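Number of protein chains: 2
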Amino acid sequence: MEFTKKEQSFLDEYKKISHYMEASKLIAWDLRTKAPRKGIKQRSETLSYLSERLHQLQTSDRMKEFIDELRLSENPYIRRSIELVQREYDFHHKIPVEEFKAFVQFTSESESVWQEAKEKDDYSMFQPYLEKIVDYNILFADYWGYEGHIYNAHLKHYEPGMTVDTLDGVFPKLQKDLSRLIEQVKASSFKPQIDQITVQFPKEKQEAFALHVLDQMGYDFEAGRLDETVHPFAIGINPQDVRVTTNYDELDFRTAVFGTIHEGGHALYEQGFDPKLYGLPVCSATSMGIHESQSLFWENFIGRSKAFWNTNYSTFLTYAPESFKNLTPKEFYRAINEVKPSFIRIEADEMTYALHIMLRYEIEKGLLNGDLNVKDLPGIWNEKMKDYLGTEPSTAREGVLQDIHWAGGDFGYFPSYALGYMYGAQFKHTLEKEVNIEQAIEQNELKKIKEWLNKHIHKHGSMKEPLDLLKDVTGEGLNHQYLVEYLTNKYSDIYGISLS
Amino acid sequence: MEFTKKEQSFLDEYKKISHYMEASKLIAWDLRTKAPRKGIKQRSETLSYLSERLHQLQTSDRMKEFIDELRLSENPYIRRSIELVQREYDFHHKIPVEEFKAFVQFTSESESVWQEAKEKDDYSMFQPYLEKIVDYNILFADYWGYEGHIYNAHLKHYEPGMTVDTLDGVFPKLQKDLSRLIEQVKASSFKPQIDQITVQFPKEKQEAFALHVLDQMGYDFEAGRLDETVHPFAIGINPQDVRVTTNYDELDFRTAVFGTIHEGGHALYEQGFDPKLYGLPVCSATSMGIHESQSLFWENFIGRSKAFWNTNYSTFLTYAPESFKNLTPKEFYRAINEVKPSFIRIEADEMTYALHIMLRYEIEKGLLNGDLNVKDLPGIWNEKMKDYLGTEPSTAREGVLQDIHWAGGDFGYFPSYALGYMYGAQFKHTLEKEVNIEQAIEQNELKKIKEWLNKHIHKHGSMKEPLDLLKDVTGEGLNHQYLVEYLTNKYSDIYGISLS
Chain A
1 MEFTKKEQSF LDEYKKISHY MEASKLIAWD LRTKAPRKGI KQRSETLSYL SERLHQLQTS
61 DRMKEFIDEL RLSENPYIRR SIELVQREYD FHHKIPVEEF KAFVQFTSES ESVWQEAKEK
121 DDYSMFQPYL EKIVDYNILF ADYWGYEGHI YNAHLKHYEP GMTVDTLDGV FPKLQKDLSR
181 LIEQVKASSF KPQIDQITVQ FPKEKQEAFA LHVLDQMGYD FEAGRLDETV HPFAIGINPQ
241 DVRVTTNYDE LDFRTAVFGT IHEGGHALYE QGFDPKLYGL PVCSATSMGI HESQSLFWEN
301 FIGRSKAFWN TNYSTFLTYA PESFKNLTPK EFYRAINEVK PSFIRIEADE MTYALHIMLR
361 YEIEKGLLNG DLNVKDLPGI WNEKMKDYLG TEPSTAREGV LQDIHWAGGD FGYFPSYALG
421 YMYGAQFKHT LEKEVNIEQA IEQNELKKIK EWLNKHIHKH GSMKEPLDLL KDVTGEGLNH
481 QYLVEYLTNK YSDIYGISLS
Chain B
1 MEFTKKEQSF LDEYKKISHY MEASKLIAWD LRTKAPRKGI KQRSETLSYL SERLHQLQTS
61 DRMKEFIDEL RLSENPYIRR SIELVQREYD FHHKIPVEEF KAFVQFTSES ESVWQEAKEK
121 DDYSMFQPYL EKIVDYNILF ADYWGYEGHI YNAHLKHYEP GMTVDTLDGV FPKLQKDLSR
181 LIEQVKASSF KPQIDQITVQ FPKEKQEAFA LHVLDQMGYD FEAGRLDETV HPFAIGINPQ
241 DVRVTTNYDE LDFRTAVFGT IHEGGHALYE QGFDPKLYGL PVCSATSMGI HESQSLFWEN
301 FIGRSKAFWN TNYSTFLTYA PESFKNLTPK EFYRAINEVK PSFIRIEADE MTYALHIMLR
361 YEIEKGLLNG DLNVKDLPGI WNEKMKDYLG TEPSTAREGV LQDIHWAGGD FGYFPSYALG
421 YMYGAQFKHT LEKEVNIEQA IEQNELKKIK EWLNKHIHKH GSMKEPLDLL KDVTGEGLNH
481 QYLVEYLTNK YSDIYGISLS
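Same order as they appear, the protein sequences are chains A and B.
Sequence positions in the first sequence follow my numbering and run 1 to 500.
Sequence positions in the second sequence follow my numbering and run 1 to 500.
Bound conformation, chain A alone (with noise of 0.2 angstroms):
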């Protein structure tokens, strides 16, 4: 690409912020997977002196003028890297310093505290802190200004274009949709052989079963690699150093595989960039919706399809222990797709999950919006569960307590996480017009669905809008019923009855 020296000094500027953000992700990954205990604090120390120095440059003087001399640039690489170059200096601008640090400051404790609460079952402790946390992401939201309700002001930093409208227009219809395939589902009469698939299966097989299936993706080892953590994740520390990490459960190999794909699918997002965004702010992930619509992808229409485990099935058994034999592929598929609702987020499977999130995102708004209050809380979580998944905890450690997002002061992210389950089953519906996902998985040509996503979805990084991006590809906007779709049909299937 050919760059005006306006722009070119502008690129360099911005080389000088993607180094740190490399630095930095580099030493926030070896925190997590490889770090000894004792090194730890001065680590993060240098990790803190990083990413003020990443902040400074984000708000310069100097970055502001290249803001405002750039933003008309001809080129669209540079107009779009502009646009989200100020996103991230209004970010940060519109706050005055010391308060925005006082607030970082104050999230770390707050995490220790809710650490500590939830270990002792205890909301009560945790509840002033999240009181202020709330009045912070009010007081924040009042100095970036929004429009309509004042949960966007949140949430375009994860899904920018997305609105609570637009939220409003279409969880309750997916609530009630999966409430009612849930129902249908609990009244059947057929039961999983789960513990058939919960034995002891050892660490090395698992982990040598994991790196195959990543490979069958097209996943690129050799600009990346997959290592053990306590909380899997993938991390692009450059576009071609884009590492997966992934947790064993001796007793249940489902944590190791599912948990592999999955972030397989985001290192897929990260791994399929264009070349020639490299060096670009646009050579990111547009949203954090769009982000999980990938991950979600490969771990559920993938990972867990019936298509997949008829034919890689024979070859899971070289690596799975002898009693595995003892199940047929169907009864495999069966168990590993048990729908059972639980209070856990984490833990859900494909049909309850976007319900523990719309229940946080309801609760998110209400809280800003003033309509609820911090101190209500437990009793408003229990009323949804029960109300969403027709059960609930009797405890806060596993109701209201069980997500560290609040206690860092994280408010307009869940959403994402049902997003990209939506925009998944859209993208999934485009894709079987062009490919069909069945054969390509039945001859072992995994690739071919991972070259349409680099095509119609990866490539672009951050050039259009996750919104632009969805109707681009699909030809509509946001939509549940692709995802309702799938999920009767699947299911129907697994419990044999006709779920409607």
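In short, the hints are calculated from the structure, not lab data.
Incorrect hints may have been included.
Identical copies carry no separate label here, and so any pair may be met within one copy or between two of them.
[To be verified] Listed next, the in silico DSSO-like pairs over lysine-lysine satisfying Cα-Cα at most 30 angstroms (straight line):
no. : residue 1 : residue 2
1   : K6        : K384
2   : K34       : K205
3   : K5        : K205
4   : K384      : K471
5   : K41       : K16
6   : K41       : K447
7   : K101      : K5
The structure presented is a predicted model; accordingly, all values stated were derived computationally and were not measured.
Knowing the structure of chain A, use the given hints to seat chain B on it.
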């Protein structure tokens, strides 16, 4: 420790430097252990950006002010820290920035030419590059200034306080003694059973044994870890994260086992810095020679000792292949200590290693003061090899082209390897007066040895100049006789002759 306001702001400034060093070291570790191939190019750019920032801080006017204002501080830790910081400042400041940049760029080109020249066994390819590197080194010496021999200008960066006069007073004697001992060993009729120990030995088992030995040495795994690399190294990312790497040769376990002990010795030094030095420039190794004294101490005086294998052979057998059971501890001990002059420095045994170093030292000295010509090196090399080791290589690849140091621009580093060996033997001689080394090994109390080294050497960091440290610990200056005495006794026993 209490600091004045000025001292504290110096330490705050130094903290920035240490953040950049920490990030750079983690990147360096990752590049050599884990980084996927395709991500390396961009990571290297990030590394070089961080080095540039580091360099700016080390050579800033602000740093110069601290140096001027705090050089006479009443706090000895600050005073010494300022000395160290000034060394860095002078190192970089005395050379015009553009010339140094050109040099750094040239060395990266020269390294890749050297690589190719080595592969093609073609010295003439590399010769013009080496000529220019010698010119740079002569020029830099003039910029830096020196007393006596021009080589002193380079030597001091690796071994402060050491001079050509001192080396020339010791190296020729050491060379004569070693050459004499080697001649006698060659004449011995005993032949170690090398073929019995160079057998297939699975990597996992080697690793398990290496970890066992590191643990026995008192290496703190909560402040470090062991990984695999092509070229083994130890790196102190921060004083509580000092990592070790090793290389596995499944047909020669010595590479990994003695390599790990060697790097473990380096790591114990950096893990052993007094916590009160944390955050100060003096929290660092005082010289390359002292660093090497610690690695060679553990590798040779402990790891290759008779007492160690008498005590640990039965444990070793639980990791080693069955066939090792055919060897008695004594036969095994004699095999791992074979003396065999070879062309290659990094494959050299205890008896011949220092000769490889002295040969390089003589050549470096001659090139810098003009006594030798780059074009004549292959001939000079072979002559000296014959003279010192009684053998000469038939290729440049196994001769003058074998090391990367000169291609990378480094002159003055090599002596530290031989110095470390002599220092180590001097420390051992002193240690023996206070701790019964053999008994400590036999009672599996290697930690007694580690604690002595901690107390007398490690904890001081850079508070003492290397020769002062040597004097404080041993009561004398550099003395080659302890090393000669050690080798005479050990190899008389191994070869069943009376060396003299």
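Okay, the hints, checked on the actual structure:
In the homo-oligomer, the alpha carbons of K6 and K384 never lie at most 30 angstroms apart, since the shortest distance is 54 angstroms inside one protomer and 59 angstroms across protomers. Taking the closest pair of Cα atoms, K34 and K205 come within 30 angstroms of each other both inside a single copy (21 angstroms) and across two copies (21 angstroms). In this assembly of identical chains, the alpha carbons of K5 and K205 never lie at most 30 angstroms apart, being 54 angstroms within a copy and 58 angstroms across copies at closest. For a Cα distance limit of 30 angstroms, the shortest separation of K384 from K471 qualifies neither inside one copy, at 32 angstroms, nor across copies, at 76 angstroms.
For the homomeric pair K41 and K16, the shortest alpha-carbon distances inside one copy (25 angstroms) and between copies (15 angstroms) are both at most 30 angstroms. Proximity of K41 and K447 under a CA criterion of 30 angstroms is satisfied inter-copy only: 26 angstroms between copies versus 43 angstroms inside one chain copy. When the C-alpha separation of K101 and K5 is checked against a cutoff of 30 angstroms, the pair qualifies only between copies, where the shortest distance is 24 angstroms, while the shortest distance within a copy is 36 angstroms.
Going through the hint list in order, the structure does not satisfy hints 1, 3, 4.
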